[in-house]
Amino acid sequence: MRRDLPEGYLDRVSKTLDYLESRLPDYDNLLFTNKVFVHRATGVGTLNQEQALEWAVTGPNLRATGLDFDVRRDDPYLVYDQIEFDVPVEQAGDAWARALVRRSELKESLRILRQVVTKLPSVGGPIRAPIPNPLAWNLPAGDVYTRVESSKGELAYYVVSNGGDKPYRVHVRGPSAMHAVQVLENLVTGARIEDVAQIMFSLDACPPEVDR
Amino acid sequence: MSDIDYKNRGSLLNPLKSFAFFGRPAVTEAIEPRPASANYRGFHVNDWTKCVGCSTCQKVCDNAAITMVRIPGLVADPVKGIRDERPAIDYGRCCWCGLCVDICPTGSLALSREYVHTCTDDQLDSYFVLPDSSGMHGQPFEKGWAKTADADLVDLDRQRMPELEPEQRIGNFAEMMLGYDDQQALLEASRCVQCGMCHDACPTHMHAPEYIRAIWEGRLEEAVAWIYQTNPFAHICGRVCTRRCEDACSIGHRGEPIAIRWLKRYAMDAVPHERVKQIALRDKVDTPTGKHVAIIGGGPAGLTAAFDLARKGHAVTVFEALSEPGGMTRWGIPEYRLPYDRIDRDIDVIRSAGVDIRCNVRIGQDILLDQLRTEHDAVLLAIGLQQGRQTRIPHSEHEKVFRAVDLLNKITAGEPFEVPHCAVVIGGGNVAMDIARSLARLQKQQYGHVNVVVTALEEQQHFMADPDEIKEALEEGIVIRDQCGPQGCEIDASGKLIGLKTWKVLSIFDENKRFAPRYDEAGETIHACDTVIEAIGQSADTALLGDALTEALEWNRGRLKIDNDGRTSETWLWSAGDCVNGPDVVHAVADGHRVAASIDAVLMEQGK
Numbered sequence: 001m002r003r004d005l006p007e008g009y010l011d012r013v014s015k016t017l018d019y020l021e022s023r024l025p026d027y028d029n030l031l032f033t034n035k036v037f038v039h040r041a042t043g044v045g046t047l048n049q050e051q052a053l054e055w056a057v058t059g060p061n062l063r064a065t066g067l068d069f070d071v072r073r074d075d076p077y078l079v080y081d082q083i084e085f086d087v088p089v090e091q092a093g094d095a096w097a098r099a100l101v102r103r104s105e106l107k108e109s110l111r112i113l114r115q116v117v118t119k120l121p122s123v124g125g126p127i128r129a130p131i132p133n134p135l136a137w138n139l140p141a142g143d144v145y146t147r148v149e150s151s152k153g154e155l156a157y158y159v160v161s162n163g164g165d166k167p168y169r170v171h172v173r174g175p176s177a178m179h180a181v182q183v184l185e186n187l188v189t190g191a192r193i194e195d196v197a198q199i200m201f202s203l204d205a206c207p208p209e210v211d212r
Numbered sequence: 001m002s003d004i005d006y007k008n009r010g011s012l013l014n015p016l017k018s019f020a021f022f023g024r025p026a027v028t029e030a031i032e033p034r035p036a037s038a039n040y041r042g043f044h045v046n047d048w049t050k051c052v053g054c055s056t057c058q059k060v061c062d063n064a065a066i067t068m069v070r071i072p073g074l075v076a077d078p079v080k081g082i083r084d085e086r087p088a089i090d091y092g093r094c095c096w097c098g099l100c101v102d103i104c105p106t107g108s109l110a111l112s113r114e115y116v117h118t119c120t121d122d123q124l125d126s127y128f129v130l131p132d133s134s135g136m137h138g139q140p141f142e143k144g145w146a147k148t149a150d151a152d153l154v155d156l157d158r159q160r161m162p163e164l165e166p167e168q169r170i171g172n173f174a175e176m177m178l179g180y181d182d183q184q185a186l187l188e189a190s191r192c193v194q195c196g197m198c199h200d201a202c203p204t205h206m207h208a209p210e211y212i213r214a215i216w217e218g219r220l221e222e223a224v225a226w227i228y229q230t231n232p233f234a235h236i237c238g239r240v241c242t243r244r245c246e247d248a249c250s251i252g253h254r255g256e257p258i259a260i261r262w263l264k265r266y267a268m269d270a271v272p273h274e275r276v277k278q279i280a281l282r283d284k285v286d287t288p289t290g291k292h293v294a295i296i297g298g299g300p301a302g303l304t305a306a307f308d309l310a311r312k313g314h315a316v317t318v319f320e321a322l323s324e325p326g327g328m329t330r331w332g333i334p335e336y337r338l339p340y341d342r343i344d345r346d347i348d349v350i351r352s353a354g355v356d357i358r359c360n361v362r363i364g365q366d367i368l369l370d371q372l373r374t375e376h377d378a379v380l381l382a383i384g385l386q387q388g389r390q391t392r393i394p395h396s397e398h399e400k401v402f403r404a405v406d407l408l409n410k411i412t413a414g415e416p417f418e419v420p421h422c423a424v425v426i427g428g429g430n431v432a433m434d435i436a437r438s439l440a441r442l443q444k445q446q447y448g449h450v451n452v453v454v455t456a457l458e459e460q461q462h463f464m465a466d467p468d469e470i471k472e473a474l475e476e477g478i479v480i481r482d483q484c485g486p487q488g489c490e491i492d493a494s495g496k497l498i499g500l501k502t503w504k505v506l507s508i509f510d511e512n513k514r515f516a517p518r519y520d521e522a523g524e525t526i527h528a529c530d531t532v533i534e535a536i537g538q539s540a541d542t543a544l545l546g547d548a549l550t551e552a553l554e555w556n557r558g559r560l561k562i563d564n565d566g567r568t569s570e571t572w573l574w575s576a577g578d579c580v581n582g583p584d585v586v587h588a589v590a591d592g593h594r595v596a597a598s599i600d601a602v603l604m605e606q607g608k
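Chain order of the listed sequences is H and Y. One point on numbering: in my numbering, the residue at position 188 of the first sequence is 188, and numbering is uninterrupted. One point on numbering: in my numbering, the residue at position 300 of the second sequence is 300, and numbering is uninterrupted.
FYI, nobody ran anything at the bench for these hints, they're computed from the structure. Where hints are given, some of them may not hold.
Far from chain H by the CB rule (all over 10 Å, computed), these chain Y residues [unchecked claim]:
1) K17
2) I31
3) A88
4) E142
5) T148
6) E163
7) S190
8) G354
9) C359
10) T412
11) D468
12) F509
13) G537
14) G582
Think about it this way: if two alpha-carbon atoms lie no more than 27 Å apart in a straight line, the pair counts; the simulated BS3-like pairs of lysine-lysine are [to be verified]:
15) Y:K410 to Y:K496
16) H:K166 to Y:K59
17) Y:K444 to Y:K400
18) H:K107 to Y:K17
19) H:K15 to Y:K17
20) Y:K471 to Y:K496
21) Y:K400 to Y:K496
22) H:K107 to H:K15
23) Y:K471 to Y:K444
24) Y:K80 to Y:K147
25) Y:K80 to Y:K513
26) Y:K284 to Y:K143
27) Y:K17 to H:K166
28) Y:K504 to Y:K400
29) Y:K504 to H:K35
Treat the numbers as computed from the prediction; the structure is a model and nothing was measured. Note that the Cβ used here is the ideal one computed from N, Cα and C, for glycine as well.
Hey, can you work out the whole structure from these sequences and the hints?
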């Protein structure tokens with residue numbers, strides 16, 4: 001950690017979590033139990049599991065095709081191995097399935113955050129471990145690929161070192177590049193023009209993140 | 001929490017349940033800027049009175065957002081480690097990570113809580129900012145992200161070098177500092193931020209950042225090569241250098257400076273001597289120039305010049321009056337600080353460059369200076385300061401009043417002399433500490449106890465001696481009496497020296513900062529002793545020049561007048577080292593290089 005949390009931060013987090021949870025019924029009424037939305041999303045932009053893996057789809061979009069994989073559970077980092085949560089999976093692979101995965105993940109995220117707030121150790125020792133002088137790092141040559149489960153899918157860094165203090169190469173692997181380019185391109189081919197927006201939004205790609 | 005039943009395909013009416021929103025007031029946000037949080041990382045502020053322009057912020061910045069800008073009007077002071085540059089930030093590149101703040105060695109840099117800046121198209125330059133303490137727009141924003149004790153990227157604590165405890169070292173002349181092991185050297189080298197202040201402050205501009213880096217990367221031979229680029233007195237300076245570098249070290253502003261001297265010592269000790277010789281002589285030319293240079297004095301200045309000239313192909317002969325070369329490093333500095341075998345190693349490298357060192361030859365007696373002049377193309381006078389200055393207080397001509405340098409010479413030569421049972425040293429410099437600590441060792445060996453008093457005009461914290469020397473002297477049982485002005489030696493009826501009379505010093509300098517001590521006679525003390533040692537400075541013995549030459553040469557306040565290249569008013573004669581600059585090993589080395597370059601340039605010009 002670089003610094004300790006600001007005063008009263010955890011209380012503010014808890015209040016925010018309560019507020020977000022109180023909003024869930026509204027979201028359900030407006031979208032997830034809204035016949036118009038359900039009807040418009042079902043069967044649109046369908047992706048099967050084979051295609052999804054072929055096109056490097058990750059995250060909720062992949063889980064909406066029936067593949068039960070979450071980096072937080074299956075390749076845990078930080079404290080995820082000490083947190084209880086479920087990984088929502090849908091089978092249909094269409095826009096509605098993707099929306100449902102995200103809706104279920106709202107609930108799981110709230111659950112995860114509540115556990116973090118209670119499990120976070122109170123301050124007793126140093127916040128930050130001593131870091132060796134960053135101008136005198138001498139890292140071994142080699143490469144490493146490390147990933148996290150971000151809201152849109154796998155966010156990963158591929159770092160190559162040829163020794164010394166600076167990496168030789170850093171590649172950021174964001175989920176949106178795949179979702180917004182190769183997946184979208186394939187899904188909109190032959191789709192009805194009015195479904196394009198629906199497909200785009202259901203993939204939840206973030207345009208600035210495409211450019212890595 | 002509601003769960004969606006996705007077997008239920010929903011209802012057209014469900015959205016209507018949210019009609020309640022229509023009745024709610026719209027959410028509005030106040031338009032006043034919100035104050036940022038206490039740790040906010042906004043625009044930079046830099047306290048120019050603390051900033052030394054070390055450029056560490058620039059080096060750590062991964063976005064290359066920082067440029068060091070020379071500020072007209074700021075005064076650089078390399079000796080204190082201050083540059084006339086300050087960091088400027090390109091806010092088109094900055095990502096406000098705050099690494100510059102976390103690593104800032106002086107703690108001058110911080111981020112403020114100011115975060116708003118807009119401009120029109122023609123003011124895009126306004127994103128390139130030279131932060132000072134007034135903030136980006138001169139508005140009083142509070143500090144945000146600033147240095148804290150637990151978020152410091154600078155390691156402020158030095159690796160301790162193991163040393164002999166006072167009781168282990170007092171009865172002998174064994175080297176006191178034991179040297180770093182590999183791990184300690186690596187850790188110490190890793191603290192360096194490569195700012196180069198040490199390089200700027202060093203009289204001979206040693207490549208300290210480069211050799212520290214090489215030590216850190218485990219390439220010790222490369223470290224030795226960097227060291228030999230500027231300093232053939234590498235073992236010696238690795239032990240007894242006055243280390244201007246460490247005074248200028250930017251880490252020293254908040255913590256302990258990098259132990260640059262000890263790292264040099266580590267590299268020199270770690271590489272085998274034969275390998276050092278090969279590295280040192282890499283750039284020696286093989287073709288002789290046919291020019292002959294005579295150097296009078298085998299100390300650091302003379303031998304450095306000899307080394308440079310020999311590597312350039314000149315035939316160099318060094319005339320040393322004493323039985324071994326090394327000058328004050330051998331004959332002045334005691335063995336417990338600088339073992340003789342280390343001096344021998346440095347000199348062996350210089351000899352292997354082809355320098356002919358002739359010892360026990362006193363110019364003016366064994367060979368006349370005129371003869372040197374006729375037999376050589378150039379003569380360098382590097383005779384150092386061999387004569388101890390005298391206080392000339394009453395009875396100081398007594399046979400039991402000695403000059404520190406004379407006694408130190410005797411100790412090096414192994415010449416027996418009667419060790420005083422109780423000695424008083426006059427002087428607070430390094431030579432005073434050297435003689436006091438040497439006598440303490442001899443007393444312990446011969447009498448089993450230490451009885452040495454050091455008296456000096458200054459208050460103890462203003463002594464000229466290295467603070468470590470003072471601390472170690474006290475540990476060894478030496479008594480220091482500061483603010484004591486010597487007034488006379490006390491002699492009893494039988495003519496025996498029985499003490500030194502001092503008065504308390506009120507002030508040392510007058511209002512024009514001239515040396516004019518004022519005393520309080522009421523503060524008279526008699527320091528009982530059987531021997532008094534004067535260690536109040538040294539002077540050059542220029543008798544070898546002879547009357548005619550002394551008359552012909554230009555002088556400046558008792559010292560030979562030389563130009564910027566070390567040349568005297570006689571075109572064939574150069575002078576370098578302590579005899580023209582005052583005492584300091586590393587200054588003498590720097591001087592040796594400068595004068596060698598000048599001699600080489602002149603000789604090669606003549607050869608055309």
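**Study point:** Hint check, failures only
**Key:** When the structure is compared with the hints, numbers 1, 5, 7, 20, 26, 27, 29 turn out to be violated.
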